[in-house]
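Let the hints inform the model, and build the full structure from the sequences given.
Chains as they are written, first to last, in this note's numbering: chain A, 1 to 449; chain F, 1 to 316.
Certain hints may be false.
Claimed, not checked - Some chain A residues near chain F, calculated using beta-carbon distances under 7 Å: (1) Lys253; (2) Pro255; (3) Ile280; (4) Gly283; (5) Met335; (6) Ile364; (7) Gly368; (8) Cys370; (9) Val377; (10) Met382; (11) Gly413.
Stated by the list, open to error - For lysine-lysine, the following DSS-like pairs were computed, each having C-alpha atoms within a straight-line distance of at most 30 Å: (12) Lys363(A) <-> Lys68(F); (13) Lys403(A) <-> Lys260(F); (14) Lys253(A) <-> Lys260(F); (15) Lys234(A) <-> Lys260(F).
Just so you know, these hints were derived from the structure itself, not from any lab. Since we're looking at a predicted model, the values are computed, not measured. Where a beta carbon is used, it is the ideal one built from N, C-alpha and C, also for glycine.
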Amino acid sequence: MLFTKKATFRGGVPVPHWKNTAEAETLQMGVPSKVYIPMLQHIGAPCTPVVNKGDTVKVGQVIGTSDKLISAPIHSSVSGRVTNVAPMVVFNGQSVMTVEIETDGLQEVHEDVKPPVFNNKEEFLEQLKKSGLVGLGGAGFPTHVKLAPPPGKEVDTLIINGSECEPYITSDYREIIENSWNILLGVYTLVDLFGFKNVWIGIEDNKPEAIKVLSNIAAKDDKYSDVVKVVKLKSRYPQGAEKMLIYACTGRKVPPGKLPADVGVIVMNINSVSFIREYIRTGMPLVKKRVTVDGPAVKNPANVEVPIGTPIADVFEFCGGFRSEPVKVLMGGPMMGVAQYSLQYPVLKHTNALIALDEKSAKIPPEGPCIRCGRCVDVCPMNLMPLHINRHSLHGDVEALEKYHANDCMECGCCSYVCPAKRHLVQSIRLAKAQLRQAATAAAAKGGK
Amino acid sequence: MENGLLMTSSPHIRDNTNTRRLMADVIIALLPACAAGVYFFGLRSLLVLLVTVAASVIAEYITRILLKREQTVGDMSAAVTGLILGMNLPPTIPLWIAIVGSVFAIVIVKQLFGGIGQNFVNPALAARVFMVISWPVQMTRWIIPDAVSSATPLGLIKEGASAAEELPGYFELFIGKKGGCIGEVSAAVLLIGAVYLVARRVITLEIPLTYIGSFALLTWIFGGDRLFSGDALYHVLSGGLILGAFFMATDYTTSPVNRKGRLIFGIGCGVLSAIIRLFSNYPEGVSFAILIMNTLVPLIERYTIPRSFGGGKSVA
Ligand code: SF4
Ligand code: SF4
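And the structure:
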């Protein structure tokens with residue numbers, strides 16, 4: 001069934017779409033000569049490497065595990081020989097234990113890779129944990145944890161996020177076009193196992209083809225057509241932000257500091273459900289990822305399926321290299337992506353785009369004084385007052401930061417995007433959060449004495 | 001090469017507005033009203049406007065140099081202040097007074113408080129009130145197009161019934177056949193500019209609509225001999241109400257930044273304007289009303305901090 005939701009969230013901005021790679025079929029990238037696989041590619045506890053220097057490994061073999069609840073195992077994406085296990089700096093500047101593998105090009109599959117067997121929800125979650133799946137939309141929260149909310153939280157609704165509201169990125173869109181059946185079969189499996197009463201597949205109206213394909217398939221199966229609904233969402237950034245999407249689809253509002261499960265909802269990325277289907281069929285854990293490679297500095301923008309751990313440089317190389325000097329390279333989209341320090345950083349499980357900006361597009365205009373125009377307030381989907389957080393953070397006034405709810409900011413970037421004075425609002429709000437954390441730690445230390 | 005990669009915080013793209021463009025839009029929106037002023041009151045009005053703009057811009061330029069701060073004259077906010085001040089002056093104003101007023105607006109009201117975004121009252125309005133107090137005679141010497149009378153419609157109303165025959169009709173008021181300041185002469189062209197500002201998303205309608213709405217309501221209720229017999233339309237069209245509601249009360253720096261705050265601010269302006277106009281012996285109310293509300297903005301903002309999305313909690 002196709003639903004059109006006119007109602008959207010308050011605020012937000014109309015960002016440019018720049019979906020240059022929407023019609024480009026996904027290319028398969030060969031195996032790079034080396035991969036670097038960090039032991040932390042998710043929110044939660046890092047894994048401990050279970051291979052040593054000199055070991056041979058195969059595709060799909062577990063190379064890192066953790067016994068902590070919130071974590072996801074890490075697998076080798078290639079076959080080859082482990083050449084080093086050592087800390088390495090990754091995309092966000094953190095230093096993480098990383099397994100370096102020299103590939104042999106054979107891509108032999110490990111013997112443990114076989115379709116999972118399960119008879120109920122619990123067994124399924126057990127198997128899903130082994131797949132290493134984490135939220136592929138960007139945050140990287142382990143999926144088996146997300147699907148098992150603590151007792152007492154009644155979840156009746158599943159929302160599949162296909163809104164892809166960041167400029168450039170089309171990796172979700174390509175999944176919809178290329179593997180539409182996988183997505184719905186994945187959804188049906190989840191409905192059977194978890195008994196969701198409603199499933200909303202949310203897609204922005206700038207992707208009519210995706211909406212058509214999915215709603216046609218969804219209408220085919222009588223058993224599910226009442227439950228699974230495709231929702232046409234207004235194209236407005238950040239439509240894909242979890243809280244905004246939940247609100248647009250269900251009208252429910254997730255309170256600050258709460259999780260979707262608190263309002264009976266679980267949100268999954270469209271690639272994640274598709275992966276679940278593929279995993280059930282083949283048993284191959286999460287070892288590769290489709291990334292959109294684009295930006296003014298890229299020679300041949302494309303969607304590329306890449307073994308996880310491939311250095312960014314190799315991916316750009318595969319896309320014909322650079323047409324002009326890359327001045328800034330982003331992992332993720334231009335609104336929330338993270339600028340990369342080195343092209344040696346590897347592609348991770350939740351990497352969805354690599355954007356290379358040239359001199360002109362990388363330029364951030366100079367900061368001027370705030371003119372109190374109120375635009376940042378008008379566009380903030382969280383109803384914050386970014387100008388005041390900015391001011392108080394620069395003065396280090398922690399009490400005021402709390403009063404202005406600095407912690408509720410989701411760093412979507414709308415405020416900085418519209419600010420006519422070009423103030424670095426999001427940057428200062430990140431600082432504000434750190435200041436609040438510091439103050440809280442200091443207070444706790446004092447109280448403990 | 002890779003160590004040369006730029007490391008900045010997200011977002012990595014910005015839209016193409018900037019302070020200067022917004023200010024330029026305000027100037028564009030004011031031009032039709034200026035042209036009407038010149039048309040009805042003669043070329044001397046143009047001279048007044050040029051003088052206030054030039055004096056404001058030069059004052060800003062020099063103060064920034066003296067204060068050893070980065071030059072901000074390029075953001076065009078000083079030009080906007082100068083233009084609005086000029087529009088709030090009678091066409092007969094001696095030029096030296098116009099210059100003193102401009103310097104007062106820029107140096108005392110704006111720059112000494114830190115420059116753009118920092119002043120707590122509207123510089124042009126503060127300067128106007130300063131000028132009215134300092135030079136009451138020169139600031140109220142009006143001319144009426146095609147007439148010899150030297151009073152504004154509001155002045156005439158205050159003088160009582162005997163003067164009433166001389167009052168211009170609605171149409172004259174709307175088009176601009178009335179005495180008054182250079183920029184407030186024609187509601188019609190002011191509204192054209194207002195539509196432009198709204199269409200360009202330079203201003204939102206919260207303040208102008210609540211301002212005009214509450215003002216009209218009160219003048220209707222209390223403006224006549226009996227309750228509910230006031231001529232609200234006449235009051236709205238005369239004096240600087242349209243100019244004030246769309247172009248001065250919406251000044252970014254001196255109005256609230258949030259929706260709720262703007263609504264309160266607009267109503268406050270409307271109520272105060274009506275009270276001053278109806279119950280004081282001062283015919284105008286707009287400048288004082290906006291100035292008073294300007295000073296209340298920090299207070300309004302403090303009590304209207306919005307709840308976070310989905311939030312019941314007020315403090316983290
Ligand atoms: S958008 Fe920028 S200039 Fe406008 S109020 Fe916010 S911080 Fe100030
Ligand atoms: S304050 Fe935070 S949530 Fe609000 S617009 Fe800015 S980045 Fe987004």
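Hints versus structure:
no. : hint                    : verdict
1   : Lys253                  : holds (4 Å)
2   : Pro255                  : holds (5 Å)
3   : Ile280                  : violated (35 Å)
4   : Gly283                  : violated (37 Å)
5   : Met335                  : holds (5 Å)
6   : Ile364                  : holds (6 Å)
7   : Gly368                  : holds (6 Å)
8   : Cys370                  : holds (5 Å)
9   : Val377                  : holds (5 Å)
10  : Met382                  : holds (5 Å)
11  : Gly413                  : holds (3 Å)
12  : Lys363(A) <-> Lys68(F)  : holds (27 Å)
13  : Lys403(A) <-> Lys260(F) : holds (17 Å)
14  : Lys253(A) <-> Lys260(F) : holds (21 Å)
15  : Lys234(A) <-> Lys260(F) : holds (25 Å)
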